[in-house]
Amino acid sequence: MEIDGNSLFVEIHPHHHETTTPKMRSLAPGIRLITSFSRDSWYRGFTLFLTFLFYTSYHLSRKPISIVKSQLHRNCSTLIRPPNLNGTDNETWCDWAPFDKDNYQTLFGAVDNSFLVAYAIGMFFSGIFGERVPLRYYLTIGMLLSGLFTCLFGLGFYLNIHSIWYYAFVQAMNGLVQTTGWPAVVACVGNWFGKGKRGFIMGVWNSHTSVGNILGSLIAGVFVSSAWGMSFIVPGIIIASTGVLCFFFLVEKPEDVGCSPPQHHEDNEKEPLLQNSSSNEIFSSPGQSNSISSEPAEEHTKAISFCGALRIPGVMEFSLCLLFAKLVSYTFLYWLPLYIANVAHFDPKEAGDMSTLFDVGGIVGGIVAGLVSDQTGGRASTCCVMLILAAPMLFLYNHIGQYSLATTIGMLLVCGALVNGPYALITTAVSADLGTHESLRGNSRALSTVTAIIDGTGSIGAALGPLLAGLISPTGWNNVFFMLVTADILACLLLSRLVYKEVRGWCGHSPRHRGFKEI
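Following UniProt numbering, the numbering of the sequence shown begins with 1 at its first residue and continues without gaps.
Don't read these hints as lab results, they were simulated from the structure.
Bear in mind the structure is a predicted one, so any value in this text is a computation, not a measurement.
Not one of these hints is a red herring.
25 angstroms max Cα-Cα, derived SDA-like pairs, lysine to any residue: (1) LYS253 with LEU50; (2) LYS101 with PHE346; (3) LYS101 with HIS73; (4) LYS253 with PHE46; (5) LYS101 with ASN478; (6) LYS253 with ARG132; (7) LYS101 with PHE157; (8) LYS253 with SER41; (9) LYS101 with THR475; (10) LYS101 with LEU159; (11) LYS101 with TRP165; (12) LYS101 with MET230; (13) LYS101 with LEU468; (14) LYS253 with ALA240; (15) LYS101 with ALA168; (16) LYS101 with GLY156; (17) LYS101 with GLY229; (18) LYS253 with LEU144; (19) LYS101 with ASN160; (20) LYS101 with SER225; (21) LYS101 with GLY476.
Simulated restraints, written as ranges between beta carbons of each label pair: (22) GLY410 with LEU218: 17 to 23 angstroms; (23) ILE141 with ILE409: 38 to 44 angstroms; (24) LEU218 with LEU148: 21 to 27 angstroms; (25) TYR166 with SER404: 37 to 43 angstroms; (26) PHE37 with CYS76: 54 to 60 angstroms; (27) TYR137 with LEU371: 32 to 38 angstroms; (28) ARG39 with ILE409: 40 to 46 angstroms; (29) TRP165 with CYS307: 34 to 40 angstroms; (30) PHE49 with ILE409: 27 to 33 angstroms; (31) TRP165 with VAL503: 48 to 54 angstroms; (32) ALA227 with SER41: 44 to 50 angstroms.
Here a beta-carbon is modelled for each residue, glycine too, at the ideal position from N, C-alpha and C.
Could you build the full structure based on these sequences and the hints that come with them?
So this is what it looks like as C-alpha cells:
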C-alpha cells in the first residue's frame with residue numbers, strides 16, 4: 001500500500017507533539033516562570049525597576065541634610081569636651097559653624113529653602129524641557145550633576161568650610177538639577193503602562209520615595225557622628241552611578257524596541273500588571289471610531305504648551321491640593337529627626353533611624369491609596385478621606401506620640417501612611433491620568449508637562465513647609481503642628497468640587513470616569 005507523503009506527515013506530526021510535551025513539563029520551575037512572560041512584559045518590568053531605582057537615588061541624596069542637622073547643632077553641655085580643644089565657649093564647642101549660633105534653626109530653614117525654592121521654580125521649566133529632550137539624556141545629566149552637588153556639600157566638612165552662602169548655593173544648585181527626575185520618570189512609566197491598573201502599579205512604584213528616604217537616613221546615620229561629610233558623599237556617588245546606568249539601559253517608549261504601546265483611554269481596561277495589549281485594544285474598540293489612531297502624526301508629537309496643560313480639567317485643583325499636602329510631607333522630611341531628637345531626647349543616629357518609620361508608613365499608604373482609587377474610580381475621594389483622617393492623627397502624635405516607644409512607632413507609621421498616601425497618589429496616578437486625558441486626543445507628549453505643573457506647584461508647599469517650621473519652631477513645636485493640621489485641612493477643602501462630582505457619579509446622577517472626563 002502506497003503511503004502519501006502528506007498522510008505520513010499527518011500521522012507522524014501528532015506523535016511528535018506527544019513525545020515533546022513531557023520534556024516541556026520537565027523544565028525547571030524558574031525557567032517556566034521566565035518563559036511565561038512575553039517580551040513586552042519583560043521590557044515593562046525592566047523599565048519599572050529602572051525608574052524605581054533612579055528615583056530612589058534622587059530621594060536618597062536629599063535625605064542626609066535632615067539627619068545631619070542634629071549633628072551640626074548639638075547640646076554640648078551633655079558631652080565631654082576634649083582637653084586639647086581650643087576656644088572658650090563651652091556651650092557651642094561641639095557645633096559646626098555657622099550653625100553654632102542661637103539662630104541655627106533659621107539658618108537650617110535657609111539651607112532647606114535654597115534647595116526647595118530652586119526645586120519649585122525649576123520644576124515648572126523642567127517638564128517643558130522634558131517634552132523636548134530625550135528622557136534618557138535628561139535623566140542621565142540630572143543624576144550626574146545631582147551627585148556632584150551632593151558630594152560638594154559633604155566636602156564642606158573635609159575642606160573646613162563655614163560659610164552659610166556655600167551651603168545655600170550648593171543646595172540651590174542641587175535643587176535645580178533634581179527637577180530633572182520626577183517629570184521624566186513619570187513620563188517614562190506613563191509611556192509603558194495603561195490606565196487599568198495605574199493606581200496600584202504607581203502606588204507600589206511610588207514607594208521609591210520612601211525607600212530612598214529610608215536608605216538615605218540609614219546611610220547618613222552610619223557616618224553622622226564620626227564624619228558627617230560622608231553622609232553626603234556616599235549618596236552622591238550612588239546617584240551618579242545610577243545616572244550611568246540610565247544612559248546605558250533606559251528605554252523611553254515601547255515603540256523604541258518594537259513593543260505594543262499601552263491603552264490610555266479605555267475605562268474598562270482589564271490588562272494585568274505586565275501583560276501585553278493587543279493591537280485592536282490599542283487602536284480601536286467595539287462601537288468606537290479610530291479617530292485617535294487616524295490622527296496625523298504631527299499632532300501626536302507636538303508638545304503641549306504650559307497654558308494648554310493648565311486647561312486640562314482637574315489639573316488646577318490637584319496642583320493646589322498637592323501644595324498643602326507636600327507642605328506637610330516635606331516638613332516631616334526635613335524636621336522630623338530634629339523634632340524626635342529634641343522632644344524624645346534621642347541621639348542623632350537614633351532619631352534618624354526612628355524617622356524612617358514615617359516613610360515605612362508612607363509606603364503602605366501609597367499602595368493602599370492606589371488600590372482603593374483603582375477599585376472605586378475616585379482619586380479625589382480617596383485623597384480627601386486620607387487627608388481628613390490625617391489631621392487628628394497629627395494632633396495626637398504631637399501630644400501623645402512620645403509617651404512610650406510603642407506609641408512613637410505606631411503613631412509614626414499611621415501618620416506616614418495618611419500624610420504620604422494622598423501625596424503619592426496625586427504625584428503618580430493622578431498626574432498620569434491627567435497627562436493622558438482624552439481631551440489631549442492621544443498627545444502623549446503632554447505627560448511630562450502636566451506632571452511638572454502638578455509637582456512644581458506642590459514644591460512651592462514643599463519649600464514653604466520647612467521655611468515656616470524654621471520660623472515657628474522657636475515659639476514651640478505645638479505651633480508647628482498647628483500649621484501642619486491647618487495645611488492638611490486646606491488640602492482637603494481644595495478637592496471638595498472633585499469629590500462632589502465623584503459622589504454624584506456613584507449615586508447615579510452622572511457617569512463616573514477614572515480619567516476625570518466629566519470633571
